[in-house]
Amino acid sequence: MAPTLPVTEPSTTLVVLDLAGIFVFAISGALVGVRKELDVFGVLVLAGTTGLGGGFLRDVLISATPPAALQDWRYLLIPVVAGLVTFWFHPSVGRRERTVNLFDAFGLGLFCVTGALKALDYGLHPLPAALMGMVTGIGGGMVRDLLASRTPSVFRGELYAIPALAGAAVVVVLREGTDLPTVLVALAGGGLCTVWRLVAMWRNWQAPLPRGPASV
Amino acid sequence: MAPTLPVTEPSTTLVVLDLAGIFVFAISGALVGVRKELDVFGVLVLAGTTGLGGGFLRDVLISATPPAALQDWRYLLIPVVAGLVTFWFHPSVGRRERTVNLFDAFGLGLFCVTGALKALDYGLHPLPAALMGMVTGIGGGMVRDLLASRTPSVFRGELYAIPALAGAAVVVVLREGTDLPTVLVALAGGGLCTVWRLVAMWRNWQAPLPRGPASV
Amino acid sequence: MAPTLPVTEPSTTLVVLDLAGIFVFAISGALVGVRKELDVFGVLVLAGTTGLGGGFLRDVLISATPPAALQDWRYLLIPVVAGLVTFWFHPSVGRRERTVNLFDAFGLGLFCVTGALKALDYGLHPLPAALMGMVTGIGGGMVRDLLASRTPSVFRGELYAIPALAGAAVVVVLREGTDLPTVLVALAGGGLCTVWRLVAMWRNWQAPLPRGPASV
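Chains as they are written, first to last, in full-length UniProt numbering: chain A, 1 to 216; chain B, 1 to 216; chain C, 1 to 216.
Bound conformation, chain A alone (with noise of 0.2 Å):
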């Protein structure tokens, strides 16, 4: 069935930063699946829905469906590529929290620029754009925490889903108001985002709590 909506040609950039970003989460993804003893089976359907989750919904609610990762098979190979490897080299990817949250950065920051750029591609406006991204940034690791069974890393009392969101509003506000090249875009909101969450996660930097007694 032909499309029948002129839709942008995403450009080589966007498509590669796209692919890197679901290659990390893949890997967050697949490290969960490997520390809760899931089979390689198991593992490559966490590492897929973690790395390709995000953008399904992206691309559900913005209505650019089927989405990109069921036309092209590179979408679909990295996350296959990503859940073998950590499968066989867990040992060396990586065993602990930790490594999974620094991948987890590295996706958020990516997938919050892809979300924001793609969104706007599709003619949303300025804020409900940048939500997109801030969306396509914590969808994947939702569904993987949710799938897991663990408590979602965006209510884990660090910092989450605001680098998330300050990352997307920085690609917008700069695609929209100026000339730069997009890669410098994404450079811009994509490190905002990923160093304010290192940052966070080294210094344990907590948002606000509720005020009074925890209630009952």
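Certain hints may be false.
[What the hints assert, rightly or not] The calculated DSSO-like cross-link candidates involving lysine-lysine, where the alpha carbons are at most 30 Å apart (straight line), are: (1) Lys36(A) to Lys36(C); (2) Lys36(B) to Lys36(C); (3) Lys36(A) to Lys36(B).
Simulated from the structure, these hints should not be mistaken for lab results.
For this one, chain A is given, so just place chains B and C on it according to the hints.
Same frame as chain A, now just chains B and C:
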């Protein structure tokens, strides 16, 4: 990208009801977040997913994408306001299960109305339209409970899904079979749903349980 | 609203297989609900989401919205019947994990066939179409297990996702490369998937686990 389909402009009544439903569901989501001692951004994410989740699910299923919430800044502002108000004033907003359930009952009534009306506007037949009303009503709370690792309300042994389905059915029947103004249709369907749910909570009505010994 | 895209009319074979898959998955969902001692409406919701979840996921991803289940009352009736039958006659329908898994294996076989065929009908390339077959097969059970707070079957250390992918791949290869009638294509792919899954359960076949010490 211009929409290709002639979309019925939603009536003001429908938009107001939808926003009110998002507001009360977002409060119920935020209250769950506060009770789990999430930080401010976790509370906002839970407020947003609870408030917008049911509508997103409906819009994706009936092909009404991108959802209204991504095209209209009011839909995004409402859960942020509801989340912040709950975060700062939670001891006043309420700290008990009962309060969450109270807001939940009003959200259920509002969403079963707006879900059914929107599904009819998009050309669905009466039976699926009533079902979409129920899905819109129970969807946000299910997403909230999944993310918060709680047993979904809908399974908690109290009447939950059936008042939503009944309210949506009343809306569909009145809309298709009479010339009543939208506000009266909404009051009849939403009122039935909310009152039924509240009375079920108050009297602790239980739906039938499986007969015989619990399966092993 | 009239559909704007020329949609391939589904063959009767495909519809019958789809309805059969929905029926057995709905029973597997309802059995989980009965075992968790949910009330009748909780059982029906779990039957419906398990029966229709995989297909909804597929239809949303391949842009086949609104899903068939919202346009054809038979799709809605089937899970209700399956849920009520299971609710009333559960001691006869089966009360053991093994019975749930048996129905699950047949649902897996049916859905990997209908998912792959429908994805091909909607113009997807062979590889993504096979993947959509797998997603349709494992989606309903994943939704069921998430809602019921169980570890998803797909992670339970038995072969699950790979028989679904293999069955879907057979369907795609036979459909694209031969002139076999649909019913034979379905039997070959679905049979492979279900038999493989049943034998894996019977012989307790395990997929490879990660090597080395469990990660901490």
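Is Lys36(B) close enough to Lys36(C), meaning Cα to Cα at most 30 Å? holds (24 Å)
Taken at face value, is the distance from the CA of Lys36(B) to the CA of Lys36(A) at most 30 Å? holds (24 Å)
Check whether the Cα positions of Lys36(A) and Lys36(C) lie no farther apart than 30 Å. holds (24 Å)
Taken one by one, the earlier hints all hold for this structure without exception.
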